[in-house]
Structure formats: C-alpha cells, structure tokens
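Peer 1: Based on the provided sequences and hints, a complete structural model is requested.
As given, the protein sequences belong to chains Y and E, one line each in that order. For the first sequence, position 97 (counting from the first letter as 1) is numbered 97 according to this note's numbering, and the numbering increases by one without interruption. For the second sequence, position 290 (counting from the first letter as 1) is numbered 290 according to this note's numbering, and the numbering increases by one without interruption.
Treat the hints with care, since some could be wrong.
With a straight-line cut-off of 27 Å between C-alpha atoms, the simulated BS3-like cross-links for lysine-lysine are [what the hints assert, rightly or not]: (1) K176(Y) <-> K259(E); (2) K155(E) <-> K327(E); (3) K263(E) <-> K176(Y); (4) K279(E) <-> K327(E); (5) K209(E) <-> K170(E); (6) K121(E) <-> K313(E).
Quick list of the computed label-pair ranges, beta carbon to beta carbon [unchecked claim]: (7) L24(Y) <-> P235(E): 20 to 26 Å; (8) K259(E) <-> L259(Y): 25 to 31 Å; (9) L138(Y) <-> D79(E): 42 to 48 Å; (10) S200(E) <-> F134(Y): 53 to 59 Å.
Because the hints were derived from the structure by calculation, they are not lab data. Every residue, glycine too, gets a C-beta built ideally from N, C-alpha and C.
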Amino acid sequence: MLPRIFKRLGPGRNGLVLLVIFVLAALVSPRSQRGDIIFLSLGNLTDALRAITPVGITSLAMTWVVLSAGIDLSVGSVAALSGVVAGRLLVHWHPEGMPMSLHVALAVTVAVLACTGVGLMNGALTASLSIQPFVITLASMIGVRGFALWLCNNERIGLGVGTDAAGLFGEWFSNKWVMLGIYALLGLAFLILLNRTVFGRYVRAVGDNFGAARLAGLPVLRVQLGVYALSGLMAGVAGVLLAARTTTGDPNGGVAMELDVIAVVVIGGASLAGGRGGILGTLNGAMIVGVVTNILGLRNVDFNLQLVLKAAIIVLAVALQRRKLRA
Amino acid sequence: MKSFPAFLARIVLLFGVGLALTGCGPSTESGPSSGSSASSPGAATSAKKLVVFSQCNNAEPYRAAQNRKLEELLSLQSDVKLVIYDGQADAAKQISQIENAIRQKPDLLIVAPLQRDSLTKVMGESMRAGIPTLCLERDIVEPNYTSWIQCDNFKIGRLAGQWIVDHLTKKNGEPRGNLVELRGMQGVEGAINRHAGAFSVLTNYPKIKVVHDANANWFQPQAMDRMTEALNAHPTGIDVVYGHNDPMAYGAYLAAREKGREKEIAFVGVDGLPNEGAKYVQEGVLGVTFEYPLCVDKAVEIGLRILREPGFKPEKTYLMESRMVAK
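Peer 2: Shown next, in the form of structure tokens:
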C-alpha cells in the first residue's frame, strides 16, 4: 500500500525530506515571550511561503523546460523586464479617462505578454537553429537584461504607495493572500496540465528521448516553443509580483534568480538530463528552500554560514531522493 | 493547440508595436555613447576639448545619476565634448577602456574606479601620458591621479551611528534600544565602511543592542524578506533599522508596514538620491538618509579649471562632505 502511494507520488517523495526539515525547524525556532514557537505561527509560515513565491512560480514552468531536457537561464532577466515594462506603463503613461483598474490590467498584461514573447523567441531559436538552450537562453539572459536597463535608463522606477494606478497595482499584487493564491492556482494548473493533457505527455517524451519523439511524429518543435513560452510567461508573472511587492520596477531585479529556480527544480527531484521530474516535486522543493531560508533567518545565523548550510541542505535533499529512487 | 504559439507571437508583436507607438521608449537624449564618434578627437578641425569619463558600471541608479549630472553640466560648455565609457562592473573591461581612452589623448580623464587595486596601474599610465586624471569616490593603491575627489563611507557610517544614538536618546530617555542592520554586499568597500563607521560610534553605548543583522546585498527585495524574518523573530521592540543603502531601508519599511509596525521603527538609509532616498524622507518613509555625494560637480569644477587655466594647481585630495537629509 505505502510503496504504491510513494510510487504514485513520483518525485514528490521528497515530501519526507520536507517533513524532517519542517520538524527540525520547529524544534530550533526561537520562541515568543508567551512561549509560542514563532516558526509555526501562521504569519511566519505564510511569510516564508510568500518569500519563495516568485521563485516558486518561475520554477513551475522551469520544471517543464527541464523535463524537455532544456534549461532557461533567462528567467531572472525576464522577471526584471516584466517589472520595468509594468513600471513604465504605470508611471510614465497617463491614459486620459481610462479607469485605473483597466490601466493596471493593461500594464500587467503587456508586461507578461512581452515576457512570453521573449520565451517564444528562446523556444523558436532553440528549435530552429538547433543550438543548445543553454547557449540561447544565456544570450537572452544578457540581452534581455540590457534591454530592461535601456528601457528605464539604468534607473529604478519607483511606484510609490500612493493612490494612483501605480499605487493600486502595488496594493493589489503585494497582498499576501493574492500572491499565495496566484501561486496555488498556477501550481494546480501546471499539475493538471502536465499529468492530464497530451501536451504534458509530449513534454516528457521529448525530454526522455528527443530522437525517438521526433521519429514517432510528435510535434517536437511546438513542444519546445510551448515550454519556453510558458517559462517566459511565468517569469513575467513573477516579475509583476516582485515589482508590486517592492513597489519598484527594478532593472537589476532577479539577478541570479535563475540559479535559485533551477535549484528548486533539482531539489524537487527533476533530472537536468530531462524526462524525470514533476510539479509536486517542484512545489516540494520550493517549500524546502523556503523553510530553510526562513529558519536560518529567524535564528539570525551568520549569513556567510547560511550559504554554506543551504548548499549542504541542497546536496543532502537531492542525495536522499536518489537513494530512495534506487531502492 | 495547433496555432497556440503562433497566436501568442502575433499578440506579442501587436503589443510591442503598441508599446513603441505610445512612446514608452526611454527618454535618453544623448545617452552614454561608447566612444566610436570620438575616434579622431585629436584632429585639428575640432577645437573641442575631449573629456572622457570612465564609469565603472552604468547599471546602478547612483551611477546613472552621476552620468546624467555630468552630461548636464558639460552640455553647458560649448567647447567640451564628453564621452562616457561603461565598465559594466568588470575591472578588466574598465582597464581596457581606459587604455583606449589614453590612445585618444583626451584633455581630461575622469575615472570612477570599480576596485582600488585593479585600476591603479592603468591610471598610472594615463598620468605618464600627461593626461590630467581625476579619481572619483574610491581610493586607489598609489596616488596615480591629479586629484582624488573623495567620498568617505566611514564618515557617513559615523554620521548614521550618531543619528541613531541621538534618536534613541530622544525616544527612550537614554541611548538604549534595539537595532536591526541590513548590510550591503559582503566584502564591498561601501558595506564594510558604512558598517564600521556606524559601529565606531554605537559600540560606545552598550545598551544599544543589535538584535538582528542580515545581508541583503544592496537589494530591496532581499531586504524585505530579511526584515520580515527579523520582525517575526522579534514580535516587539525593534527601534531602528539601519540599511546600508536607501532601497534596503525602504524595503525594510515596506515589510514593517505590512505588519503595521512601521510607526514604532525609525528607518535609516544611505545614498540620498533625489528620486529615491531623498524622496522617501520627504514622504516620511525614512527617518533620515545620508547623501553619498555624486562628486561629478566637483570634478567638473576642477576639470574646467585644469582645461582653461594653465597655471592652475589642483589639490591632491578634495573631501566631499556628506549631507544629512531629514524632513
């Protein structure tokens, strides 16, 4: 019975790792004056989850990219682009007579679509030129960062906390429950899409064996376009949330975010060689990283040591899973 | 599914065109050029004096403000032509750009060095070539400059430390209270000295306690997450947040505001850029910030005298005073 459930969970098996880390965190957590365990308070747990939300959302689509045996290094730059585009439209564009809510909606839509466009470009170049996605998305990481910086003249775009469209945008999308809700909905959507649609199965097949998938007549090209477009889209959503939360369109935002995202996917049990991984695992991976970051912060561990500890936990989490898989 | 990517591509194109039409491009007038137009500045036809500014990294708001101010000031001088090189936070790049500049024999070279060690030698070559060379902000290992326009981060830190002592004395009747420090990137001169300066004052007051210190790498989003952890770990009793730059102090403010605790805490920042820190102070977000001088106004003042007054002997060092920006 139990092994069968395990099997069905697939890469979600590292739920055990999360559980162990969670219990450890509760044990070492500082306590409030009334003796409550601060780590376990609802406020702290949701804070921890929200801190990982932008990375978590991006890692959903990255899971698909990795499943298809690809990689997307451009997501950090794309998230920055998203914030800058939204910021410019909110602050420097003054549509006469347009309701503020429509202004916000348009700004978000354009930002996210621009990012989807970058993703499509990544996919199209990867598929049509048959250049490794590492190279294409590396180039796009550099180029998109430059474009974002150019769009706003190297300066941050302050959205402020006022009552104009920019302020409204910040208020809407930085709300904790809105952020967590978006993350939950997207997580669910990706879970269903991957496991219940033909496209999801194609993604796995392409990553498993590219040549065989093509010979079998699968739409390999369209799969690649699709996964990179989704990756751009999700990075765009993450960028919107980051911009709202920081009330800033920051062209230097999301630096090195791609590494966090890839780490989450790998901790979630995906193989960078493609074909293996899943959304449940990735959600789990995000929570492992979120909990570890949170407890190290709560304990105010020396921040250089935090990095060392985090590295150790990443390796440990991945190693534990591999063991279980072989057994 | 069949035409899904194509459909997306069309929409993205459409919005891209729309974006261009609504005039959302950057408002660069001249923009930092890469110097291709200055290939023959020594030609006798041009009587203009050539000023080269080697900027270590355009992609920082402080440096963007520096560039803009310099362009603004020199555009008033009809006999001066300015070229700005962007070192892109890469010491090797900045060195080779300065080597290029030396070959063009400019009438004045201004350098904002990325690192003190790496730039020392090449600035010596500039001096040997007889080019008046101004060094901005940071020291280099040997005095290979005509003048050094110095910014003193240690002193700024000391001012911040003293403000914190005064504020706590006013608030609690004696220099007593709890401090959270958000540090800039580890190992960077600014972070080292803004910390050391403040604590050269604060260590004299044993009742001022650092309850939480975290590394937010100069970034506002990281500051928000680290501050959220600090707030959760200390449900009451945080008096002051000292951020090594304004974005981090602002991020801490946003985190506290979300928990309704922004009123009990004073936020201290550094940099004081007009559309950033100085604005936050006016809005009552930051209690105080300390200006990190742009230095370029002094550089223009001295530079123009060097260009126009043959007998002018500049000082070896000009110390730029920081200015406290409070409401």
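Peer 1: Could you work out which earlier hints the structure fails to respect and list their numbers in ascending sequence?
Peer 2: Of the numbered hints given earlier, the structure breaks just one, which is hint 10.
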